[in-house]
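Q: Produce the complete structure using the sequences and hints provided.
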Amino acid sequence: MSPTPAEPLLELEAVSRVYGEEVLVFALRDVSLQILPGDFMSIVGPSGSGKSTMLGLLGCLDLPTDGTVRIGGEDVSSLDDATRSRLRGDSIGFVFQQFHLIPHLSALGNVETALLYRHIRPAERRARAYAALDELGLGARAHHRPVQMSGGEQQRVALARAIVTEPLMILADEPTGALDSENSAHVLEIFDGLESPERAVVMVTHDPAVADTARRKVSMRDGRIVADERPQVAVS
Amino acid sequence: MSAFRDLLGVAWTGLTARKVRTLLIMLGPIVGVAAMVGAVGLTESAKGDLKAKLAVLGTNLIIAQAGGTFGSQNPTFPDDAVHRAEAVSTVTSAAATAELASVVALPSQGGSDYYQAFPVPVRAADLTLPSVLEVPVINGRWLTESDIKLHTRSIVLGAGLAKQYAFLPGETRTIKLNDTDYGVVGVLGSVALDPDLDNAVFITQWAAEHDFATDGKPNKLYVRSVTGRTQETADAIPTAINLGGPDQVSTKVPSDVLQASAQADKTLQQTALFAGLLALSVGGLGIANVMSISVIQRSSEIGIRRAVGHSRSKIASQFLLESLFVGILGGLAGAALGVGIVYLVSSVAHWVVVVAYSRIPIWMTLALIVSVGAGLYPSIKAARLEPLETLRLG
Chain A
0 MSPTPAEPLL
10 ELEAVSRVYG
20 EEVLVFALRD
30 VSLQILPGDF
40 MSIVGPSGSG
50 KSTMLGLLGC
60 LDLPTDGTVR
70 IGGEDVSSLD
80 DATRSRLRGD
90 SIGFVFQQFH
100 LIPHLSALGN
110 VETALLYRHI
120 RPAERRARAY
130 AALDELGLGA
140 RAHHRPVQMS
150 GGEQQRVALA
160 RAIVTEPLMI
170 LADEPTGALD
180 SENSAHVLEI
190 FDGLESPERA
200 VVMVTHDPAV
210 ADTARRKVSM
220 RDGRIVADER
230 PQVAVS
Chain B
0 MSAFRDLLGV
10 AWTGLTARKV
20 RTLLIMLGPI
30 VGVAAMVGAV
40 GLTESAKGDL
50 KAKLAVLGTN
60 LIIAQAGGTF
70 GSQNPTFPDD
80 AVHRAEAVST
90 VTSAAATAEL
100 ASVVALPSQG
110 GSDYYQAFPV
120 PVRAADLTLP
130 SVLEVPVING
140 RWLTESDIKL
150 HTRSIVLGAG
160 LAKQYAFLPG
170 ETRTIKLNDT
180 DYGVVGVLGS
190 VALDPDLDNA
200 VFITQWAAEH
210 DFATDGKPNK
220 LYVRSVTGRT
230 QETADAIPTA
240 INLGGPDQVS
250 TKVPSDVLQA
260 SAQADKTLQQ
270 TALFAGLLAL
280 SVGGLGIANV
290 MSISVIQRSS
300 EIGIRRAVGH
310 SRSKIASQFL
320 LESLFVGILG
330 GLAGAALGVG
340 IVYLVSSVAH
350 WVVVVAYSRI
360 PIWMTLALIV
370 SVGAGLYPSI
380 KAARLEPLET
390 LRLG
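Chains A and B are the protein sequences, given in the same order. Residue numbers are given in numbering that gives the first Met the number 0: position 134 of the first sequence equals residue 133, and the series is strictly consecutive. Residue numbers are given in numbering that gives the first Met the number 0: position 38 of the second sequence equals residue 37, and the series is strictly consecutive.
Simulated from the structure, these hints should not be mistaken for laboratory data. In this text, a Cβ means the ideal position worked out from N, Cα and C, and glycines have one as well. Hints are not guaranteed to be accurate.
Computed Cβ-Cβ distance ranges for the label pairs, DEER-style [claimed, not checked]: (1) B:Gly372 with A:Leu35: 38 to 44 angstroms; (2) A:Ala177 with B:Tyr342: 55 to 61 angstroms; (3) A:Ala177 with B:Ile379: 43 to 49 angstroms; (4) A:Ala177 with B:Gly372: 54 to 60 angstroms; (5) A:Ala126 with B:Leu22: 49 to 55 angstroms; (6) B:Gly372 with A:Leu23: 38 to 44 angstroms.
A: Encoded structure:
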């Protein structure tokens, strides 16, 4: 499953996404992008620029109208739902602006959700979920429900859920959008710590400060990528 | 296997997390199964009482009534009607009674006008009557050979009459028949197969002939047949006992009436069963309705599960399993409730409790099918939800 360093983890090739049947809305137009291991990328752009559509396609939650999305070299459009879902679960960890935790489950239960249907024994699943929570400083809150936790804590539970499967790519949608500055800084610190040569972290944001923490910045407008800034290119 | 275990856990958690909603969904199978178990149990219990009665009374008693020709008054059988009946090979025993229409019984001092207006039936009875009826004498004794030999004027009361007269066991009491005093010697037990006898008084044939100058000819015969050949015996008796022609004798098998009444209960049972099925169907609609709403309410959860890698089929299976649990739990609770109702009502009504345990699995399976069927649409709906729409990205 692990690609060689030279291979992109995820690749969009001439991807378009069009909504509607009678009135066509072009959310993405002919976008190509490669996400490589070690990338720490932010995707920025105004409302309606196509960020969310891009995130849906990167996260394998949606399929392109035209073009190809490849994860680990595999064309996701050619996969059936079960295979695509497994690929998504194995390869991608999601962090959402609104945390999106299941309210009736404890923090531990929420993290365990990502490990279900993977032929993992319940005890091991529980141990891994607890370890992920503990890594983010939430060991003592493992049995609390989302409603009993602060926004920052909920976002860390969501982060624990995203990393517990040890995915090759973490996709974050406005990860600090619902947090105060203190919690935002904490969450960004965690994101910084998630960086590794094998893994890519992609954040969709409209907050320039958050975008600046990334080492690669993709700017979007009107469904197109208008800039793909790579600091290492700038340095060279 | 472990994936299925995970699925069971997810579905169970989904149900237990929202107990009130789950209980509301379960009401359909609970009411449906309880109605069916209760309906069949109650009608069977009511019938069980009847069946127990029939088992005691037997279904082989035949009552033959003298019919007479058109216009004849007080028709009677020949003197030897009992012997003629006993000549039928399938008859095991027979006893006769003769109604003494001209005799007025005065059970107590005064009240003669009342008893003139509402006469107590006086019957001259064979000594074997209780044994043919298979009814015990509940107080004192029945008429005996000694009463005939010694010319005693003994009288036996029917059970209903004894109760009406507040006759106490061992009490010395006389009853005037026309102007002759008769001493009460016993009370015949209740005759369920011919309740008319409960309100009559019985004297010997000798007393009837001697005191009231009757011809001793009986007008009613009680015949026991070989078990299983009751109807053909009843058909043969008119020819056997009446030389004037079979038309002058009518026979009936009184247990048939009770069995017919049990049959009538079956119609009631079927109606109640239909009502139960209707309740189950309406319950199924309720499940489909509440679960559809639940899918909308839980769309965010569905989106999250899809995002972390749960496939559409896993989502559908999760909701379908929830329906299955609803069917199993609702069916079990409904069966328990139905059985409880049967026990409660039967104990209040003093019925023999009969619960159709063998049919409960069938009804529970039905509840299960309805629940899973009702959960099918919401499950498909849940599986078709697009995660992008439910997660509201960006």
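Q: Are the hints correct? Go through all of them and say.
A: Here is what the structure says about each hint:
1. Gly372 of chain B and Leu35 of chain A have their C-beta atoms about 50 angstroms apart, which leaves the hinted 38 to 44 angstroms range violated.
2. For Ala177 of chain A paired with Tyr342 of chain B, a C-beta distance near 57 angstroms keeps the hint of 55 to 61 angstroms intact.
3. The beta-carbon spacing between Ala177 of chain A and Ile379 of chain B, approximately 33 angstroms, falls outside the hinted interval of 43 to 49 angstroms.
4. Between Ala177 of chain A and Gly372 of chain B the CB atoms are about 41 angstroms apart, so this pair departs from the stated range of 54 to 60 angstroms.
5. A hinted range of 49 to 55 angstroms for the beta carbons of Ala126 of chain A and Leu22 of chain B is inconsistent with their spacing of about 34 angstroms.
6. With their beta carbons about 40 angstroms apart, Gly372 of chain B and Leu23 of chain A fall inside the hinted range of 38 to 44 angstroms.
Of the numbered hints given earlier, the model fails hints 1, 3, 4, 5; all others are met.
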